[in-house]
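Take the given structure of chain G and dock chain R to it, following the hints.
Number of protein chains: 2
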Amino acid sequence: MQIIGSSVARIDGVSKVCGKAEYVDDIFVRHMLHAKLLRSTIANGRVRRIDTAKAGTLPGVEAVVTFEDVPFHTFPTAGHPYSTDPKHQDVADRHLLTGRVRLWGDEIAAVVAADELTAEKALRLIDVEYEEYSPILNGEDALQENALEIHAGTKNIIKKTGYQLGNLEQAFAEADYILEGDYKTSVVQHCAMENHSAFAYVDATGRIVICSSTQIPHICRRIVGQALGIPWGKVRVIKPAVGGGFGSKQDVVVEPLAAFLSTKVNGRPVKLELSREETFIATRTRHAMNYWLKSGVKKDGTLLARQARIISVNGAYASHGHSIGAKCSGTVRVQYKQKAVECEVTTVYTNMPAAGAMRGYGIPQVIFALECHMEDLARAIGMDPLEFRLKNFHEPGFVDPLNGVKAHTSGLWECVEKGRKLIRWDEQKAANRNQTGPKRRGIGAACFYYGTATWPVGLELAGARIVLNQDGSVQLQVGATEIGQGSDTVFAQMTAEILGIPLDWVHVVSVQDTDITPFDTGSYASRQTYVSGGAVKKAAEEIKAKILERCRLMTDIPIHSLDIADGWVIYKQSRERLKSLESIALDSYYNLAAAAPITADVSYQARTNAFAYGCTFVEVEVDIPTGKVDVLQIYNIHDSGKIINPDLATGQVHGGVSMALGYALYEQMLFDPKSGKPLNNNLLDYKLMTAADTPKIGVAFVETDDPTAPFGNKALGEPPAISAAPAIRNAVLDATGVAINELPLNPQRLFERFKAAGLIEQEECCHV
Amino acid sequence: MQIIGSSVARIDGVSKVCGKAEYVDDIFVRHMLHAKLLRSTIANGRVRRIDTAKAGTLPGVEAVVTFEDVPFHTFPTAGHPYSTDPKHQDVADRHLLTGRVRLWGDEIAAVVAADELTAEKALRLIDVEYEEYSPILNGEDALQENALEIHAGTKNIIKKTGYQLGNLEQAFAEADYILEGDYKTSVVQHCAMENHSAFAYVDATGRIVICSSTQIPHICRRIVGQALGIPWGKVRVIKPAVGGGFGSKQDVVVEPLAAFLSTKVNGRPVKLELSREETFIATRTRHAMNYWLKSGVKKDGTLLARQARIISVNGAYASHGHSIGAKCSGTVRVQYKQKAVECEVTTVYTNMPAAGAMRGYGIPQVIFALECHMEDLARAIGMDPLEFRLKNFHEPGFVDPLNGVKAHTSGLWECVEKGRKLIRWDEQKAANRNQTGPKRRGIGAACFYYGTATWPVGLELAGARIVLNQDGSVQLQVGATEIGQGSDTVFAQMTAEILGIPLDWVHVVSVQDTDITPFDTGSYASRQTYVSGGAVKKAAEEIKAKILERCRLMTDIPIHSLDIADGWVIYKQSRERLKSLESIALDSYYNLAAAAPITADVSYQARTNAFAYGCTFVEVEVDIPTGKVDVLQIYNIHDSGKIINPDLATGQVHGGVSMALGYALYEQMLFDPKSGKPLNNNLLDYKLMTAADTPKIGVAFVETDDPTAPFGNKALGEPPAISAAPAIRNAVLDATGVAINELPLNPQRLFERFKAAGLIEQEECCHV
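Line by line, the protein sequences give chains G and R.
Sequential numbering from 1 applies to the first sequence in our numbering.
Sequential numbering from 769 applies to the second sequence in our numbering.
Just chain G, same shape as in the assembly (with noise of 0.2 Å):
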């Protein structure tokens, strides 16, 4: 391996930085009129009397529509692919307007207008009456028998899934401890730099055309169809630049509604940008999670049982709910071995903002509640937690029962063992004991695994095409999107690793259009090296087969002998030079006796799943009378196999970290409890890490070969955000010995939990 492995500047690196890469808002449509739409102003109800005369005549409005004008058929959001069986598919409980209010800013009308001010204007000029009803703003309240039902005949849930394993009755009576304990994350946001955007028009076929920053062309390509009842093939989706998605661009937003506004104007370009404000609680956020769980230990340390009941409170819309719940649930069986294991989740709506796919797939909350959990467990029977967790972790050629996923490498405990050794967990551990004052240390370690991609639950599939060009080089088409997250450099450093051609002869077709580039299902589920990632060592590999037949033609020498490297056919033994690969791209384009152009356009469908596992080791300093925590130190070790490029690898990991301390340190969106309005959907208000708030985050990683993906490679680009706030938590807790169970841990929580725990006077309360 020359170029798989090593460290190559980002392909789009330049593109970027230059301001050259065109995003939705970068393209330049003729006549494009531009959509605003009229948010509820309240959180849970129904409206009684919309009048949009007023609005409808103000010079420059084009169009405006209400819920009554919508088609009334439902339609889902999440951005899974499509299923054959009905039962396999996603909640389908959306329409393109409501009357019904589910949440603070729902979407009842939609006005379009020859600018934005004049869209802005008209809004102002519609006159709505409300019906009110109490928003149900948490899990408890929406479980309640009595509850109103947000979405009619639902009771309020959106899925319940679980299972048991074992005798868990049993299982509890063997254990020597029991615990119980009970964990609560918050609701935040993805906070992509590029808000949610797209346009769309009629073009003169009477097809649908998109234009939007999405993580799932093919996928919103879908979805659009269903929306407005049409053909799939009626809709094509042009994804550009994106700057940024982290799952909230792995739903179907703004799309489906661009797109029926068009067909309300003529089919002009209608573009439906939302603004940070509408980001926040009108596209998807993390759902807030309830964990109570109960597990039974031996004194030896050994697991035996474990119980979860888990509330995922969803918001007002079903999304990726159903599946983020069986996902967490999953995490429940698998994390730790135990000889039985009961799993609850129940996904309940709610009158906020609905929850979907964010970086993580829900298994940042179940990592908090079981590494909170497992610190907890190690401390109750006196036994060091790392000891603890590999002890029970599951071992490599461990088998999910349920599914049967197989753990074909681990390199955990690697993992585990250098992190221990950069924190200097030994002496850190003996220095932080019997600490005094207002200012204490303490260090954390939390672990996790995580599946790469989807199956067995999801299809995962992928497709790329390779054109030889006539100098050698070639365009390589995918139908993965890259969303920031490097994925073209990935593929562009597996083509060439392939073909034996220098990097620059790879040029990536950067825009994904469904009618042009190979389906995939899109980015998504830390999938994009080990799906996609197959796709292209597919085609790269069919190209390579191709031009070596060539060469034979060419020359009578048996393939056998032959290879590729630095851009020509060489002989596989002594490595001589035979051919340029120029001379024979030329040959496959002018041969008058035999031209064909090389080309392969492949498809793979990636029926594994491959465990990738990693931990965070921290050092914190806690600032008892003020609560503010310090992260000194600390370090995300990763075994994601082997890793494809070092640089952009580290990148991923410093931006998950981040992610993962605004999680565990400052991020909550907060709502003003009798309206259910949202109190901080901008950035002034929601405390996003800046880079002066990141410490500095040491990466490493454990290399090891997994044999179901294409290069050894497993997920990536979700975990470096998983085992942060844990940790963090883990080592709050070491620093003052008070377990804080619930996310943030940001000042005012410690405070209060301080004062409960009498590390903080009342006296000294006053001073603050």
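By construction, these hints were calculated from the structure, which means they are not laboratory data.
This one's a predicted model, so the numbers in the text were calculated from it and none came from an experiment.
Hints are not guaranteed to be accurate.
As the list claims (entries may be wrong) - Partial pick of chain R residues on the chain G-facing surface, computed with a CB cut under 7 Å: (1) Gln1196; (2) Leu1229; (3) Gln1238.
C-beta atoms are modelled at their ideal positions from N, C-alpha and C, and glycine is treated no differently.
Structure of chain R alone, referenced to chain G:
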């Protein structure tokens, strides 16, 4: 056949009629700069001194580039596929800019500015001093012993080509009658509705992206690579909608310079759009040709011997000249049978705009000469000119002795029979005898054959990619370019026909992009339905086979019992519906056990050719005192094999005949004999046929079924432009007894010839 052979509406019709189709000028790119070219004000000479200092300081000017700043190496511009054999490569005689001026308007320098007006102003600030030579404006002068060489070392000969078959002396000796004749055609221009236009920029990876109104994106890519001396893979060419080409955009004229200029302004986008005046002189024209023909016949009408000397007046740069000369010479050999034939073509440089490909590619010229000459021979031996032609025309089964191309089918006899009836040949001939007075009527005819595509001279390679969508519809990508001729519609028909789906289930990707769409050499040589159609057929058949195979996997019904109709897989025998294409497509995308979207990505090489035939029958009324010719009736009858879309085919004939009428009667580019300055390079002074000038054009087809074609089809794009001019000349001869052997037959020429023939008295002249 249900869709092949039916007159479906153009799939791009609504788009073009409504102004939704995007041409180069409709595409907005931020920060576009505009280039204007400094053109020489002499036709032959050298720039002695050029001073751009003032121009460079004009505010808004970004770059001024002269011939001193461009790469030294030369490049060709002809739109042919590349050849790996240097002997068969096109003549490379261009630089991006030149200090050796070869035509009035030659390109000396360029200004890039923020807007067109500033660029124009800057041009006027450039100071040029010339060394001027006498312009060479005709073939004879170019070939004079002491003529100044326009390109050094060429003796002004681009190519001399010829052959001799049989014993010429002996064949002439057997003849009862020998006739010599001189025939001349004029310089005309394509006058496509859209002038040449392109913009280019350098992308962030350093590749050059060009958006151009071109017939030949892949060839354009190659030539830009050659012109700039960079690997071809570093060039990307995008072809949006094109407003006509007729061969003028089968030359790479503006793209290399636009690309080069972009590299001079840090890769910013530079647009180079020619005005109509520039398009006339700086793109391509139809070659003026001078023919000397000598033929020997027997009394019974048997053609025995023929000699031809052709001078093809090519203008200042080689372009397609060598190839068009060769094509003309083939027609002298193949059009009629003869015992012995000798032909010599000399293609010469002159100080006029470069001639290149234009609808018919030299054949309208040679057919004018041959069909005038045949008429004169028939008159000389007193034989009906139709009988005389058919007696000597090559028959089906004929094989060109020099290149082995075989005429598999010929409908010419039937075409002539149809024409004879439509024009009422015998009655009219009789009625026209012994006319007197100022207005006289005559009828005339001319025949032609036309090879389809360029095999065996040129490479014939085409590509198509088809993708089956989830709803059973398909996307069709072709490398062939829709330039107004209707090829996209015809390809959609072919796809729908083979797949058994409705036409509107075929979504044609109409923009070609060398990074994305399959390789195809482009639109020219009437090759689209024949060659590119072969690729479409092959791709559609592959998709069909894959659909049936998946249906077999789903149902266990063997493929031999299956077919597709109306979007359903049916039982072949009973035609009972078995599975919708939608259900099969959904299975191909979403089958968890075995998903593989159904695609086909093929290339097709045509190593065959097919002879298309046809004839024009015309009735004219000649006003002798004014020299005005009225076309009373005109019929073009074509054997173009199977007609894929009769309405589109009829449209092609209407357009081609209209072009041929202009060629026959009005059009001619004129140059000042002293300075070489063009005198009528605009649509006010150059007489192009308008709707008002165009008579009702009768169209008929004789459908043969060519075995080498995908659907029995043969060339149709160019043939309608071929035979009207000689038919009109023959009709004028029939009416007046005066044979006018030089085009166009405009009033001035006729007046002079009638006067010389004594049809107009001196006194009459004075009255006019």
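Check each numbered hint against the structure and report the violated ones by number, ascending. 1
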